[in-house]
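Participant: Residue strings, one per chain:
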Amino acid sequence: MSTVPLTHILFVSTALFFIGMYGLFTRRNMITMLMSVELILNSVNINFVAFNKYLYPQKADGIFFTIFIITIAAAEAAVAIAIIINLYRTHKSIDVDDATELKW
Amino acid sequence: MKERVRLMNYQQYLLPVLLLPLACFLLLGLFGKKHLKNASGVIGTASMFAVTIISVLVAGRYFFADGKVDGVYQHLIAYKYNWLAFSPTLSIDMGAIVDPISMMMIVVVSFISLMVHIFSLGYMKGEERFTTYYAYLSLFTFSMLGLVLSSNIFQMYIFWELVGVSSFLLIGFYYNKPSAVVASKKAFMVTRFADFGFLIGILVLSFYGGTLDFNALIQRLTAPQSGEFVSITTASFLGISMLTWGLCLVFVGGAGKSAMFPLHIWLPDAMEGPTPVSALIHAATMVVAGVYLVARLFPVFAIDVPALQIVTWVGAISALVAAIIACTQTDIKRVLAYSTMSQIGYMMFALGISRYGGENGLGYTASLFHLFTHAFFKSLLFLGAGVIIHFVHSNDLKDMGGLRKLMPVTHIAFLVACLAIAGVPPFAGFFSKEEILTASFHSNKIIYAIALFTAVLTAFYMFRLYFSIFWRKEATVHGTHNADGTASMKIPLIVLMICSVGAGLVPITKMVTSDGVPLETHMDVLFSLVPIVLVLFAIFFAARMYKKENGSAGKMAVAFGSFYKAATKKFYVDEIYLFITRKVIFNLIGRPAAWIDRNIIDAFVNGVAATTARISGLIKGLQSGKVQTYALYFFSGIAGLAVLFIYLWK
Amino acid sequence: MNLTLLIIVPFLTAIAVLFCKGLKQVRTVSLAGAAVQLALVVFLLIAYWQQHTSGGSQFLFESNVMWFKPLNINYHVGIDGISLAMITLTALVVLAGTLVSWSTEKLSKEFFFLLALLSMGAYGFFISLDLFTMFFFLEVAVVPKFLLIGIWGSGKKEYSAMKLALMLMAGSALVFVGLAGIYFQANSFDVIQIAGMHIPLSVQKTFFPFAFIGFGIFTALFPFHTWVPDGHSSAPTAASMFLAGISMKLGGYGCLRVATYLMPDAAHSYAWIIILLATIAIIYGAFATMMQTDLKYINAYSSVSHCGFVLLGIGMLTKTSVNGAVLQMVSHGLMTALFFAAIGMIYSRTHTRQIAQLGGLLKVTPFISTVFTIAGLCSLGLPGFSGFVAEMTVFMGSWQNPDAWYRFATILACASIVVTAVYILRATGRSIMGPLNASYNQLTDASWNEKLAAGVLITGIVIMGVAPFLITKLIAPSTDVIMNKVLTMVK
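Protein chains in written order, with the working numbering: chain A, 5 to 108; chain B, 117 to 766; chain C, 301 to 791.
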């Protein structure tokens with residue numbers, strides 16, 4: 005079985021991570037930001053799976069963690085979207101720059 | 117065994133003497149207002165009557181039956197209860213000392229108090245706070261009896277403070293009157309200041325003496341071989357031995373209570389209180405507490421000449437200054453107040469010139485003799501003044517005159533008292549003054565001169581008072597025929613009048629002496645002739661000036677010029693005090709302290725808070741509320757840590 | 301007798317208050333709680349007396365339960381004469397405080413809850429023999445004060461509440477450093493165990509200042525006293541009473557029990573600083589009081605002066621002076637609580653505390669005026685009241701210390717009795733005596749609850765003043781134990 009080298013996979017996940025980060029920092033729309041966070045999480049997932057497969061194939065820790073993160077991400081998305089909906093109800097906007105009350 | 121039986125008997129008598137007035141105070145103070153409104157005066161008087169009877173019985177027994185052992189009066193301790201133990205050696209014991217001076221004093225105190233109780237029944241009738249008045253009187257009597265019976269120097273200090281506070285309460289009895297409030301505060305503060313000296317004196321004496329008990333203290337500090345005596349005389353501060361320091365500080369307390377110059381300023385103002393109170397507290401009993409204190413510690417004073425000299429000079433100056441001021445005052449009670457101060461000065465310097473034991477102790481005996489007689493005629497003068505004020509409704513001499521026909525009883529009583537205080541034989545004051553003059557003649561000629569001059573002045577200002585009140589002009593007030601007051605006011609006057617005549621015949625010289633051995637005195641007719649002639653001359657002079665209004669008094673005043681003016685203004689002592697307290701202490705200590713507290717110390721605390729707030733103001737911008745900024749911090753933090761762990765953490 | 305009851309009763313009171321409805325129920329429950337506390341304390345006094353006279357160890361009614369094994373923290377309680385005196389004081393003040401807040405309409409439930417919590421903290425502090433438990437209860441007693449002042453206070457209450465809480469918290473922090481210093485040396489929080497060890501001098505010298513200053517802040521140690529005037533004057537009456545009557549005593553007790561008892565050598569080497577600061581506090585507090593015009597400020601500043609006697613007594617390190625310090629704590633607690641109660645009664649009627657605006661109150665409110673005068677006379681050290689006994693014991697004890705400079709300090713401290721007389725008489729003369737302000741003609745005198753409150757405190761003051769041998773017999777054996785250790789440690 006021809007194998008894809010680990011570095012390639014890491015390259016993909018790194019790219020994914022920075023795309024997510026770029027989205028997180030540049031977008032003002034909260035939904036988009038949430039999506040960017042999901043991208044970051046997924047890049048981590050890829051890393052976990054890849055390291056598990058290439059370095060410790062006899063163990064399942066990485067996969068285990070991946071599933072854990074997916075679960076958390078789902079819950080997180082639910083909470084985040086609930087917050088966003090509430091924000092929209094009160095602020096009539098889901099622009100992150102409009103929600104800056106939480107400061108000193 | 118016989119000794120013990122005797123002591124137990126004294127306890128049996130002396131405890132009620134103390135506890136009856138206390139019980140009376142508690143009863144009237146707690147329940148009087150509601151339930152005993154009208155009966156309070158009678159209750160107070162009745163209990164006082166019982167106290168007087170017991171006191172006289174006890175004193176009589178001590179002096180005439182069992183006080184003497186081998187011809188010497190003993191210092192007995194009737195009872196002693198440990199009240200507060202500071203350390204194994206130093207403790208405040210509540211006890212009662214039975215010796216000549218304490219026995220003499222309980223008679224004087226309870227008797228005068230009884231007279232004042234009776235007098236007040238009429239004088240204070242209808243007062244809104246009648247019950248409170250009697251409660252305070254009982255409190256005072258309790259404290260004063262406790263003071264004279266004290267067997268422990270700290271016990272004396274306790275009662276010393278208590279008489280001070282009862283005096284405060286009674287001076288401020290008319291609490292609505294601002295002048296009364298000011299006077300009561302002044303009396304308390306000045307005596308408090310003096311008590312501060314007393315307290316330090318107690319600390320000094322007790323530290324070296326190792327005891328607070330009077331008998332033990334005197335015994336240790338007068339025995340030249342004792343370790344305590346050696347340590348207190350060798351220890352010194354500013355070149356003065358600790359013994360002198362201790363005694364002088366104690367004397368400061370005495371001087372404050374007894375209104376000695378320059379701590380006398382409270383006494384004239386204290387006349388704001390009801391007049392019977394002035395008779396009791398500020399004439400006969402409390403103000404002589406200072407004399408009593410020095411007499412109580414006399415054996416110790418007697419071995420320390422510097423301290424005695426201070427006592428002498430303070431007494432002599434007070435006697436003279438007060439007599440001069442008394443000549444110029446126009447408020448009847450103030451004249452009496454200054455005369456009190458002058459007479460106490462007399463007693464004080466008589467103690468000062470005295471030495472311990474035998475003939476040398478004549479001054480001591482004379483002083484206490486004078487204390488004894490003075491109590492009667494001075495309280496009589498005050499009560500008489502009370503009747504007059506009650507009738508005229510004014511304290512000022514110019515509102516009086518020609519009252520002799522309206523109030524015959526008061527007139528005679530006042531005249532007798534004036535003759536007594538002037539020292540005209542055979543009235544009481546003559547005998548005691550005579551002995552003081554004799555004692556001073558034999559010890560210090562300057563003091564003798566001052567004493568003689570003061571005696572002349574005394575006669576002059578007392579008769580100035582007498583003629584101004586009862587003669588001078590026709591009575592301007594035509595009141596009811598009952599000018600002498602009710603029976604309850606007349607009876608004390610008459611009783612005290614009799615005492616003022618007869619008290620000089622009481623053989624105090626045989627009973628109260630410095631060493632307990634009866635003293636034989638002999639009257640030297642030629643010697644006593646000088647003061648008598650001078651005094652009579654002074655009376656004659658006063659009669660010339662004041663019996664009729666003829667302007668000679670005014671001419672005299674002009675002749676003395678600024679000296680007269682200074683004397684009217686009481687030599688500006690009050691002003692000096694006001695300057696020191698208001699200007700110096702308030703402005704230089706009080707105000708700065710309050711200012712520093714708010715503007716430096718508290719400002720520092722607030723400054724810490726303000727600095728914290730400012731720093732937080734500088735960095736709070738970091739928390740902008742923008743999620744993306746936070747995310748940026750977060751990732752840069754992670755990146756920083758990553759660099760740290762990967763590259764630098766080797 | 302189980303000392304834990306002293307914590308449980310206030311705690312149950314606090315809980316029960318939460319389930320009450322309306323002011324009437326709340327105050328009845330609180331009063332019942334306070335009464336039970338007092339009954340417990342009386343019982344305790346009797347029991348202690350019996351056991352103590354029949355011999356017995358330094359601390360009685362001990363119980364010791366493991367609380368947190370890894371750090372060797374125990375719930376260790378027990379009392380000696382000193383703590384018993386403090387507990388008695390607490391019970392009296394709690395009862396009186398509950399009675400004077402009888403008609404607290406605003407958030408009454410929360411108010412009484414916090415009062416109960418505060419008293420629980422105080423009891424816990426006084427009975428603790430474990431430094432950590434002690435610290436725990438110290439904190440329990442701090443927090444309610446912040447809320448009591450902040451919510452029910454008057455004037456610039458937020459500022460005062462914040463200031464008080466922050467300064468006391470700073471004190472707690474210092475205390476904790478001190479306690480930690482002892483702990484890491486002795487590896488134990490237990491007072492009795494630590495007292496039996498010898499902590500090296502260098503450690504003592506490092507940590508004594510922390511503990512002493514920390515506790516000192518609670519008891520108005522100069523120059524950390526500025527929370528006292530602001531805190532007291534803004535607090536509601538009952539809180540002022542608790543604050544001055546109980547909580548300032550936590551500090552004095554801590555200074556004695558923790559700082560001096562456990563680190564005696566350092567106490568000796570720092571004595572001169574303590575005496576210096578205490579003397580300054582006494583004199584300077586008295587003079588600062590003289591210039592105040594607000595009754596509560598007068599009493600607050602006079603507390604600074606009076607608490608100076610506590611610290612002076614501790615600093616002088618003679619048996620008599622330490623006895624005096626303890627007496628002064630009890631006396632000042634009762635006296636100042638009475639004073640604040642009287643001021644509260646006046647304020648609730650006239651709505652002013654400025655002495656210039658008052659006057660002649662004796663005519664319309666004789667009872668309150670008498671209470672005020674009694675408190676004042678006690679404050680200026682009149683014999684027959686507790687203040688005299690305490691102050692004289694401090695003076696007498698201080699004078700036993702033969703150092704010339706300490707003598708000088710004693711004389712200065714004695715001089716304060718004059719200044720005290722000045723400001724007390726000034727306040728009394730202006731507000732109680734003098735001509736009556738016409739607008740106060742209709743004032744009503746004290747109600748039954750106020751009379752009872754004053755009666756409770758006056759009883760304490762008078763008993764102590766008339767029969768001081770009772771309380772010295774309680775305290776002296778316990779201070780002797782402490783001082784024997786302190787004095788033998790001197791090299």
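Please keep in mind that the hints were generated in silico from the structure rather than gathered at the bench.
Among the hints, a few may not be true.
As the list claims (entries may be wrong) - Result set (EDC-like, lysine to aspartate or glutamate): computed pairs, CA atoms no more than 16 Å apart in a straight line:
1) Lys589/B / Asp640/B
2) Lys742/B / Asp99/A
3) Lys149/B / Asp745/C
4) Lys686/B / Asp447/B
5) Lys685/B / Asp447/B
6) Lys663/C / Glu243/B
7) Lys742/B / Asp102/A
8) Lys241/B / Asp600/B
9) Lys196/B / Asp186/B
10) Lys626/B / Glu243/B
11) Lys742/B / Asp101/A
12) Lys664/B / Asp447/B
13) Lys150/B / Asp745/C
14) Lys293/B / Asp215/B
15) Lys742/B / Glu80/A
16) Lys663/C / Asp215/B
17) Lys736/B / Glu105/A
Participant: Hint by hint, say whether it matches the structure.
Facilitator: Okay, the hints, checked on the actual structure:
Simply put, Lys589/B and Asp640/B have alpha-carbon atoms about 41 Å apart, too far for the 16 Å limit, and the pair is violated. At roughly 11 Å between alpha-carbon atoms, Lys742/B and Asp99/A fall within 16 Å of each other, so this suggested pair holds. For the given pair, Lys149/B sits about 15 Å from Asp745/C by alpha-carbon distance, which is consistent with the 16 Å threshold. For the hint pairing Lys686/B with Asp447/B, the CA-to-CA distance comes to about 13 Å; that is within 16 Å, so the pair holds.
For the suggested pair Lys685/B and Asp447/B, the alpha carbons sit about 13 Å apart, so the restraint of at most 16 Å is met. Between Lys663/C and Glu243/B, the direct Cα distance comes to roughly 14 Å. Compliance with the 16 Å bound is thereby established for this hinted pair. The straight-line distance between the Cα atoms of Lys742/B and Asp102/A is roughly 9 Å, inside the 16 Å bound, and the hint therefore holds. At most 16 Å may separate the alpha-carbon atoms for a hinted pair to count; Lys241/B and Asp600/B meet this at roughly 15 Å.
With a C-alpha separation of about 25 Å, the suggested pairing of Lys196/B with Asp186/B is violated against the 16 Å cut-off. Pair hint Lys626/B plus Glu243/B does not hold up; C-alpha atoms about 44 Å apart against a cutoff of 16 Å. Our distance criterion of 16 Å between C-alpha atoms is met by Lys742/B and Asp101/A, whose separation comes to about 6 Å. Only pairs whose Cα atoms come within 16 Å are accepted, and Lys664/B paired with Asp447/B is rejected, the gap being roughly 19 Å.
Between Lys150/B and Asp745/C the CA atoms are separated by roughly 15 Å; this keeps the pair inside 16 Å, and the hint holds. The straight-line distance between the Cα atoms of Lys293/B and Asp215/B is roughly 42 Å, outside the 16 Å bound, and the hint therefore fails. Of the supplied pair hints, the one linking Lys742/B and Glu80/A is violated, its CA atoms being roughly 19 Å apart against a limit of 16 Å. Of the supplied pair hints, the one linking Lys663/C and Asp215/B is violated, its CA atoms being roughly 45 Å apart against a limit of 16 Å.
A threshold of 16 Å between alpha carbons decides the hint, and for Lys736/B with Glu105/A the separation of about 14 Å falls inside it, so the pair holds.
The structure is inconsistent with the numbered hints 1, 9, 10, 12, 14, 15, 16, although it conforms to all the rest.
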